[in-house]
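One-letter residues, chain by chain:
Number of protein chains: 2
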Amino acid sequence: MTTTAFDMSAQLSRRARTMNASAIREILKITQQPDVISFAGGLPAPELFPIEDVRRAADDVLTRYGPAALQYSTTEGHAPLREWIAMRHGIPAANVQIVTGSQQGLDLLGKVLIDEGDTVLVEAPTYLGALQSFQPYLPRYAQIPTDDGGIDVEALERVLHEQQAQGQRVKLLYAIPNFQNPTGRTLSLERRQALVELTARHGLLIIEDDPYGELRFSGEPAPSLYELGLALAGGDPERNHVIYSSSFSKTLVPGLRDAWVQAAGPVIAKLIQAKQGSDLHTPTFNQMIITELLPILPRQIETVKRVYGERGQRMIARISEHFPAGVEFTQPQGGMFLWVTLPQGLDTTALLPRAVERKVAYVPGSPFFALGGGENTMRLSYSSAAPEKIDQGMRALGETLSEALA
Amino acid sequence: MTTTAFDMSAQLSRRARTMNASAIREILKITQQPDVISFAGGLPAPELFPIEDVRRAADDVLTRYGPAALQYSTTEGHAPLREWIAMRHGIPAANVQIVTGSQQGLDLLGKVLIDEGDTVLVEAPTYLGALQSFQPYLPRYAQIPTDDGGIDVEALERVLHEQQAQGQRVKLLYAIPNFQNPTGRTLSLERRQALVELTARHGLLIIEDDPYGELRFSGEPAPSLYELGLALAGGDPERNHVIYSSSFSKTLVPGLRDAWVQAAGPVIAKLIQAKQGSDLHTPTFNQMIITELLPILPRQIETVKRVYGERGQRMIARISEHFPAGVEFTQPQGGMFLWVTLPQGLDTTALLPRAVERKVAYVPGSPFFALGGGENTMRLSYSSAAPEKIDQGMRALGETLSEALA
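If you're matching them up, the sequences are chains A and B in order.
Read in order, the letters of the first sequence correspond to residues 1 to 406 in the UniProt record's numbering.
Read in order, the letters of the second sequence correspond to residues 1 to 406 in the UniProt record's numbering.
It is worth saying that the hints were derived from the structure and are not from the lab.
Among the hints, a few may not be true.
[Said to hold, decoys possible] Straight-line alpha carbon distances no greater than 20 Å define the calculated EDC-like cross-link-like pairs of lysine to aspartate or glutamate that follow: (1) B:Lys-389 <-> B:Glu-357; (2) B:Lys-359 <-> B:Asp-391; (3) B:Lys-359 <-> B:Glu-321; (4) A:Lys-29 <-> B:Glu-76; (5) A:Lys-359 <-> A:Glu-26; (6) B:Lys-29 <-> A:Glu-76.
[Unchecked claim] Output of the computed footprint for chain B on chain A, the stretches with three or more beta carbons under 8 Å from beta carbons of chain B: (7) 10-19; (8) 323-337.
These numbers were taken from a predicted model, which means no experiment stands behind them.
For every residue, glycine included, the Cβ atom is placed at its ideal position computed from N, Cα and C.
Put together the whole structure using the sequences plus the hints.
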């Protein structure tokens, strides 16, 4: 018989056709030349990983649980881990779902919440990975302007009214209130309160993504949107309209892929069903290892905060020294990133090859905008950069920018 | 201000409303009473897990790779693991995608292939978990009748013509050719060849799910649909219309959640993009542990095959002894399951409480039919049952059935 030449591309779903290779992933390839100092990635500092503790924890888990550590387990997650998370947040374990990295939490939330054409409100700029998680469910996006205090709540209200006037179904707001990726900005307390009240009034869910909240190295902590939502709901997690997502990736290690979602019962029930079809459960062994590591978590957080704080401050000092006038930058109080804004008209994507010639790399800011914009912005990560590399890299980047501005 | 009582359920997506708690999950709860001998689950035998090898592998991986074992890693998967899989199947590593359990492979394939309303052809009965993975993408199902030789290919051709006559877009066939879950049946060589040719002629993709293929304890192995598809495509994996999925869950351990998909480039490219949004990557540590365990895989497979073979044969012997006339059952040549068919008119769901009274449990067969049917069928798993439990359980089940038939 004759063989049939298949056009595989013709078999793809409509949603698959809307997926693109991550712009950042492509950019990272360019920047991964040897001898280029890259601030483009967003990796936690590997030299801080508690390897010996993980080694001991893996060993202990196999001794204590035996084959159960390697067997199938429940979709909800390892009970002691869920209970620990729940206790810290003052809610029942039933409101906690373990997921395979925050990214899975976002995918599952997209799956159970977003209908095609629903409007998802996002910060401008926002975390690119969240857009990738939501995209397969074919939402529309509306961008909310942000400034140094995070989301502009008055602008949010205007956008909401516009959307409603256009007959759009606004389903949820996705927000990263602490040391946002990509900007490093933190939402002020007043705005948190206003945001939670406004969204509750409008029947809008919030997905609060908080991977960096524990990594505050300066300033005063503010309550999470989840806590404010819980207070607004009279302490009843079943009536809290804020869904909270966090992770052990930035505080312990990312390579075990352990994170969680806190939400009201009806959302958790659907997350469980969606997760059954997505990966059955998060790896048993990994959840047990993370649980075993919980006693070292406070020590680990202190170390990470101290080191990121030093690196962040050093980067800011060198930027102040080397960057030309007219370049603005954020001064994060925690997390892994800061955000640089060049004068209007400059394009950081066009500038990247010139930076790479000078052996330094960053991520252009534009891909972080759901609807475009930010051509004159860039994200710099200080989390995994050694001090002398920060010195060297900011000098080279300063030269690149000075040349571009001249 | 007044608190707003949210109706969380009203916020759910249309696809979330179509999701249900797994029927089997609910049934397993009933059957998990202490002192009930359950053949309902589908768990690999935990006493065969190579715990000491995993302990050593975890330790070695941390020594060899250090922090890289716990860091973020590429979406495609750990290169040495992909290369090993690719070499075994005679294809380039670029055609292999590592996934977080076969279940994730099915979810991602559903995501990148299925548009709402596309027809997915499934065996009657089929693996319930696949239906759960595909369901969020809102396919229509068409059931293909099966008999002791697996899928009835002539019936498949009739169904195809019917679907096409109705103007339906038939996208893919999902099949488990080896020791099928739930029936334990294996597709004959002649039918494999006919199936691959028929689907190629009709421009239909096959998803071949093969978690049990290595666990053959009797009879002669047949080539996979993937191999036949590759031959039909002149050895070119880019033109193979068969997508292959397998896993280390049944041969090594399930709790690490390591599996893979083999497919043509355009499908892999979209799987990578979809996986970026789903969990970024499969846990780094786990992929490295599995790679480290590859040298013991042949020995492990021999052990599992021997034990499952003994248990399967013992179950068949006891069934022959204790079950009343008129009850039919499959005689699997591998895998973990066999399938029992009672005379028409009997209902295994209604019968389950009576079995549980006699301290024995099974899974009713009906949930394995995408479009219903099979009320008189049940699945029995012998993989994790000790010999004396098989003796005791089959006697009790025989009594239950005799009583029902009397």
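> Looking back at the numbered hints, which does the structure fail to meet, lowest number first?
Replying inline: Result: hint 8 breaks, nothing else.
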